[in-house]
Amino acid sequence: MTFVRRPWRLAAEVSALLIALAVAFPLYWMVLSAFKPAGEIQSAEARPWTLSPSLDSFRRVFEQQEFGRYFLNSLVVASIVVIASALIAFLAATAVTRFRFTFRTTLLIMFLVAQMVPVEALTIPLFFLMRDLGQLNTLGSLILPHIAFSLPFAVWMLRGFVKAVPEALEEAAYIDGASRTRFLWQILFPLVFPGLVATSVFSFISTWNDFLFAKSFIISDTSQSTLPMALLVFFKPEENDWGGIMAASTVMTVPVLVFFVLVQRRLVSGLGGAVKD
Amino acid sequence: MNATARRGSGWTPWLYLAPALVVLAGLLVYPLYQLGLISFLEYTQAQVSGGEPTTFKGLGNYATLFGDPQFWQVLLATVVFAAACVLATLSLGCALAVLLTRIRAVPRLALMMAALGAWATPAITGSTVWVFLFDPDFGPVNKLLGLGDHSWTYGRYSAFALVLLEVVWCSFPFVMVTVYAGIRAIPAEVLEAASLDGASRWRIWRSVMAPMLRPILVVVTIQSVIWDFKIFTQIYVMTNGGGIAGQNLVLNVYAYQKAFASSQYSLGSAIGVVMLLILLSVTLVHLRLLRRQGEEL
Amino acid sequence: MKLSARIAVPTAGFVLAGLAGLTATGCAPQTSDNSAKKDEKSGTLRVWLFREVSNEPKQKVVDRAVDAFRARHQDADVEIEYIPVETRAQKIKAAFNDPKSAPDLIEYGNTDTAGYVKDGGLADVTADFEAWAEAKDTDPAAKQSVTVGGKVYGAPLFVGVRALYYRTDVFKDLGLRPPTSQAELVTTAKKIRKAKPAMYGLAVGGAYTYGALPFIWANGGELAEESGGTYTSAIASPAAQKGIKAYTSLFGPDNCPAAKCAEMGGNDTVTAFASGRAGMAIGGDFSHAAVEAGKVKGKYAVVPLPGVRAGEIAPAFAGGNNIGVLKSSSHRTLAVGLMKQLTGKKTQEELFDAMGFLPTYTDVRETAAKKQPFVEPFIKTLAAGAKAAPASPGWAQIDSSLVLPTMFQEVVSGRKDVAAASGDAAKKMNDAFGAAR
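Protein chains in written order, with this note's numbering: chain A, 1 to 277; chain B, 1001 to 1297; chain C, 2001 to 2437.
One chain only, chain A, in its complex shape:
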């Protein structure tokens, strides 16, 4: 902007870079420590680099436990939740934006209120619900609640994307003789798809990161564990295997980072839309 004078801008840019470094530092340290050989992690001085990177910590993580399996479990849960909640939310968002019907506003507000429900408070009843459904210690006990909890926000956010599709297009489609279903899946869906991807980031992240449900619902059958629980196994008060913890943390963080970077543009515009509406 023109009214910012030069020296000020320089100072601002330098501080922005410094802050960026500080913010990135924990992640850098995580990856670095994952690659450091054990001796260096436990050495007296903490060097911010390593000259002899090693994969030992990763090897330990994958050998000591069935870490690959937990990774897969996490991936399965997150993918199913993302796909299912995106589809269900798409339908619901279409209903509340492209139709007028009694209770429409009531429903919208319900979705808003539902978004605010602290799902963590529901751990106890969900635990018993999952038990009664026979889902305890299965991935289903994580998939089902997460679909439900990502829905309200997804509907709310998708609303903007569905609204943005011009009504004229819908009319034109009907004039061309398209059925409602055809319009929905072959015209509206592709147009809203970018928005769906942005929305998915949130359901993906909240599912991938889930710790409380994983800890409460999957206890007695470790073959169904997801990553967060596996990570905690390396925690022991007297002798933490920091190399292992950092390697496991890296493995858990990277997929989210990749996903995030891929959709970051859409995410920002999508958020803007959801917030402005």
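Hints in this document: simulated from the structure, not taken from any laboratory. Only a predicted model underlies this, so the values are computations on that prediction, with no experimental measurement involved. We put the beta carbon where it would ideally sit given N, CA and C, even for glycine.
With a cut-off of at most 30 Å between alpha-carbon atoms, the simulated DSS-like pairs for lysine-lysine come out as follows:
{"hint": "1", "chain 1": "B", "residue 1": "Lys1143", "chain 2": "C", "residue 2": "Lys2191"}
{"hint": "2", "chain 1": "B", "residue 1": "Lys1143", "chain 2": "C", "residue 2": "Lys2295"}
{"hint": "3", "chain 1": "C", "residue 1": "Lys2091", "chain 2": "B", "residue 2": "Lys1057"}
{"hint": "4", "chain 1": "C", "residue 1": "Lys2196", "chain 2": "B", "residue 2": "Lys1143"}
{"hint": "5", "chain 1": "C", "residue 1": "Lys2194", "chain 2": "B", "residue 2": "Lys1143"}
Anything over 10 Å on all C-beta distances counts as not near chain B; from chain C, calculated:
{"hint": "6", "residue": "Val2053"}
{"hint": "7", "residue": "Arg2072"}
{"hint": "8", "residue": "Gln2074"}
{"hint": "9", "residue": "Thr2126"}
{"hint": "10", "residue": "Ala2131"}
{"hint": "11", "residue": "Gly2150"}
{"hint": "12", "residue": "Thr2187"}
{"hint": "13", "residue": "Thr2232"}
{"hint": "14", "residue": "Ser2275"}
{"hint": "15", "residue": "Ala2293"}
{"hint": "16", "residue": "Ala2310"}
{"hint": "17", "residue": "Asp2363"}
{"hint": "18", "residue": "Ala2369"}
If the Cβ cut is set under 10 Å, some of the chain A residues that face chain C in the computed set are:
{"hint": "19", "residue": "Phe127"}
{"hint": "20", "residue": "Phe128"}
{"hint": "21", "residue": "Leu136"}
{"hint": "22", "residue": "Asn137"}
{"hint": "23", "residue": "Lys215"}
{"hint": "24", "residue": "Ser216"}
{"hint": "25", "residue": "Phe217"}
{"hint": "26", "residue": "Ile218"}
{"hint": "27", "residue": "Ser220"}
{"hint": "28", "residue": "Thr222"}
{"hint": "29", "residue": "Gln224"}
{"hint": "30", "residue": "Val233"}
Got chain A; can you put chains B and C on it based on the hints?
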């Protein structure tokens, strides 16, 4: 709304809504009801595994809860801690959003990317990394500051401060990115006109930007309040389940410990209900603010 | 339509629906049906055993026992999982909640027996136990630890009793001799720390309840008093408070810095000792293998934990683990067979050789003592009179809600004095005893 969109509605919207409503009814509304129900029962492990019959206890659990000084202590800690987190997150996020508008593309991209990295980091790995950074034996922070083997998680306040740092680290990006997008949406002409009129930067912020950003600020504030109030992972992981002698317990961890460690499921549910009511009142405030802005849904 | 009206309607609806739901009856969550439906003679038996600090030797013995079992039961498969001791309570409770994922057999600490029986998790094996020839030689105290209300709920696996491990090389260096009284123990610990600041004098843990109890008992204190089947906490009595004071005086820069040690549990103190970071530690017979596998092999010895007066032995906690069959097991006969295999004389003998676990059979224990002199201090400790935790179902709850660790940690961190902390603990204990009655 024009005629085509309404054509043949009737049941169609409900058909589209059905999957969402079924899922929400089964997995959100029904558990909510059960939460309330369990909080009125005598429900411990013996009842769960069928060793003893389930009995109705009325408000007994709430009486126990409210009569326990630890509950009030935890409640106070939760409120103060959440308030501190929200305040720190918002001020840092807003300050950096403003900073982003003042700098060129390269440093802006650097800060954006770093923030996105922190945002994307799962709470659990963020917690492990921050604990490691501040580890008394092998963490770089103590070495950098020459603190020897000072333990950050031993003292109540330093442990809370450490968790606060992690929470702010992973939640300021949301505020920053959203507010930044909001500022960018303000037409440049408006700002230029204001500065040509000789308004100070503070004036511009107060009288031009702040009012236009208000809706966005309301949303990020409410979101932050909700997130920080129900924090679980960070406290659980960083203070090893609530700290020494439970000094770092917050409501959510407290409820978990009551229910799943001591199997007092009914007490845990009562804590859950208290949490729910507090957050519901925050939501009502949100809705009122929306209404005051005359938002059309 | 104004938004205000639109908000009021659904919100009220929500609340009303909630209220209506609450007053309606009959929708409580079901209780899990833990009774077994069948007794299959083939299939996979799942077993949970505790993961020890050094688990490999235990695993080898168990594998041999399982092989022997499978040789006799061709159709049965056995799947062993080693679970961490710290989180066992949650895991085992989860198994009671979800019979489908539950194992057929579990190892459990004898302090948990009453609680698990009350939870309805363990199967009554009285008849099988009575009919089992080897069980005749079971030490009566061990048998008591699997018995609730006259019925037997498992078979004892080993007797666990703790004594004082110390570093012979360090003691020689500093010209120390093994302490013979509690006061001497404290001064010795501080001397070690002073001379070797990188070491804890005596490794203690704020969450190490069973290491702390001997201090309470040695000072004449008790956990609880029983009268007519009901228990009342005695943790706040003057004698018990004296013991708490003695134990917590060991936390501090002059022995075991509170910032580190307040969080530690029993396994952590053993790990610290085994890796050479402590001059002394309170460890069990069952810790022997871990210490042998550590850096201090050949540089340590064990004596009974001294009592208050010189020459006395502090009453130790009579610990030990059992193996029980879960009520929900659908292979009851096979599971009982495997239980006998895992707790039989032969396996216990091997476990003793591999891990130092003291056998629960009087005859096996005698031969073991002759073979391995290291058990002598443990047997001496046992003979001097070991004490058990209150045999109330409330104890499992007191244990899992960390009442005593919280008390020690409160004192150690200076948040409460001994009187206040023990008073609060007594209140919580009485609540648990009361609820369990």
